[in-house]
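**Q** Take a look at the letters that make up each chain.
4 protein chains.
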Amino acid sequence: MKNSPNSASCLNKESYLPLTPPYLEIEERVRYSETDQMGVAHNKGYFEWFEIGRTEYCRKKQIPYKDIEARGHALVVVEAFCRYRKPLRYDQPFLIRVALQEMTPKKAVFRYEIRTKDDRALVAHGYTTHIAVNKKGEVCPLPEDLVEKIKRPLAD
Amino acid sequence: MKNSPNSASCLNKESYLPLTPPYLEIEERVRYSETDQMGVAHNKGYFEWFEIGRTEYCRKKQIPYKDIEARGHALVVVEAFCRYRKPLRYDQPFLIRVALQEMTPKKAVFRYEIRTKDDRALVAHGYTTHIAVNKKGEVCPLPEDLVEKIKRPLAD
Amino acid sequence: MKNSPNSASCLNKESYLPLTPPYLEIEERVRYSETDQMGVAHNKGYFEWFEIGRTEYCRKKQIPYKDIEARGHALVVVEAFCRYRKPLRYDQPFLIRVALQEMTPKKAVFRYEIRTKDDRALVAHGYTTHIAVNKKGEVCPLPEDLVEKIKRPLAD
Amino acid sequence: MKNSPNSASCLNKESYLPLTPPYLEIEERVRYSETDQMGVAHNKGYFEWFEIGRTEYCRKKQIPYKDIEARGHALVVVEAFCRYRKPLRYDQPFLIRVALQEMTPKKAVFRYEIRTKDDRALVAHGYTTHIAVNKKGEVCPLPEDLVEKIKRPLAD
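Chains as they are written, first to last, in this note's numbering: chain A, -13 to 142; chain B, -13 to 142; chain C, -13 to 142; chain D, -13 to 142.
Each hint should be verified, as a subset may be incorrect.
Pairs count within a copy or across copies, as identical chains cannot be separated in the list.
When the alpha-carbon atoms are kept at most 20 angstroms apart in a straight line, the in silico DMTMM-like pairs for lysine to aspartate or glutamate are as follows [said to hold, decoys possible]:
1. Lys121 to Glu11
2. Lys47 to Asp77
3. Lys46 to Asp77
4. Lys72 to Glu42
5. Lys52 to Glu124
6. Lys137 to Glu55
7. Lys46 to Glu11
8. Lys121 to Asp105
9. Lys121 to Glu55
10. Lys92 to Glu13
These are computed hints drawn from the structure, not numbers from a lab.
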């Protein structure tokens, strides 16, 4: 089939390899405003949660994302993907796990998992790909010190 | 690299094959509330626009999506993907193009494009994959008449 | 009771005076992503619809709001109020009615009504108050030409 | 002026009486997705934060809001008001303060304040009024045990 999206091929497979440590883990709860009439968290909310994940990831590396923007740089999203496996409901506590998959001066890839808090069941997983740009939105490599900080292992 | 997301491989390629007719086209404008501090439409909004696309697609096929839910069925999102190429700004008019990529009683795949209204420039493209479930969220094939209606060519 | 919000006093009254022409009317539909688990449009969405109303109002007056910002000015929201009377459901078409209540170089007040499309039933009404600021967020009167344009009657 | 919104009269007054203890206080941070192109948190987000406030308020009283809905009741929003005084920026930590203003079997009023975390500066204040309904959305008094639990003082 022409135009077939690659990732759709994994739909019925259970071949997903979970994130392994080190990753950062943040706890959140589903807001009422994040539910839809199916009674579950709406699909768009996951991309906001992924964003919380990478914000906290950068903070953990001592380079708050707002500081990156304050220095005139940004990591714009060029790809976003999410695979939903189980629903989350209003007020349900959940975990955002985030890990850096790739980091160069021009490009970053973050991976994410959403898991229930009580039994760590996999709710969703996904990734976002980012390109480094300047204030005008032009491709512009990140300064080396920022890249080094973000790349530093989480464990320390 | 283990765990590598397939789709990331297409990041720097210009190999994307645009949607070809028949597709449905809807016009919208970027809401102020959809912008972020970069001054452009935030990445999560595109998934709401995709949803508008498939709502209108079902309506066009004479089977409004609310009627599908009224009959006890739903097409839950199990995958969502978006590739962002150009930013959209507040108040900018844009087009949502949507086409049905695959439709069986158990599964549906929609493809989408976002394009500027003035020169039809490609802003983003993506897809969503859906599984048919019943009111309890259990996998449950769609009735044949619904499948047939949705599969009917757009042109008529 | 001290600290009592004034407007709460009108809760059980039917004393609301509907908007009278001239007003601007825009048609929209409830997005799936705007519903919550009650099965109705979530309360926060109304403030996005009000915003659509004033965007279209300014456009109608030949002074698109983006042009106001492009000239270094903004009308920031300092008060927002909504009274909800009837729910709206997914895919339901509705009308946003908007009128300018007050306009000076320093301040603007818009009033809004949300009505069902089919029978014009009152769904909600509200208002937003705005202060004119410059790019730094400092209070700064709007230029006279902008004020005059926005104040011009809708009818023409 | 006919149709004049009462609350607009307080626009230039500094007569606001702050919440006094007991109130519940929750800490949050501004999400990137909550900013708009002015570079500040968008006005609609405050109503989501108010909602977080009352969710946590009910939990604190040992009657999680989801349990109220599980018992077939709901407190639908019939009025929402917010007065914005200072902007909040991406990643800025802030406090949601919430107090119960009024609680009867048929009606509840919550008051809220948003304050900066670092110096407790008042960012916004507002209220929401709620009517008790059943699953069909019909007015229906809350059971006495729920009312009593919610009304119990926060301090204990």
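**Q** Determine which of the earlier numbered hints do not hold for this structure and return their numbers in increasing order.
**A** 1, 4, 8, 10
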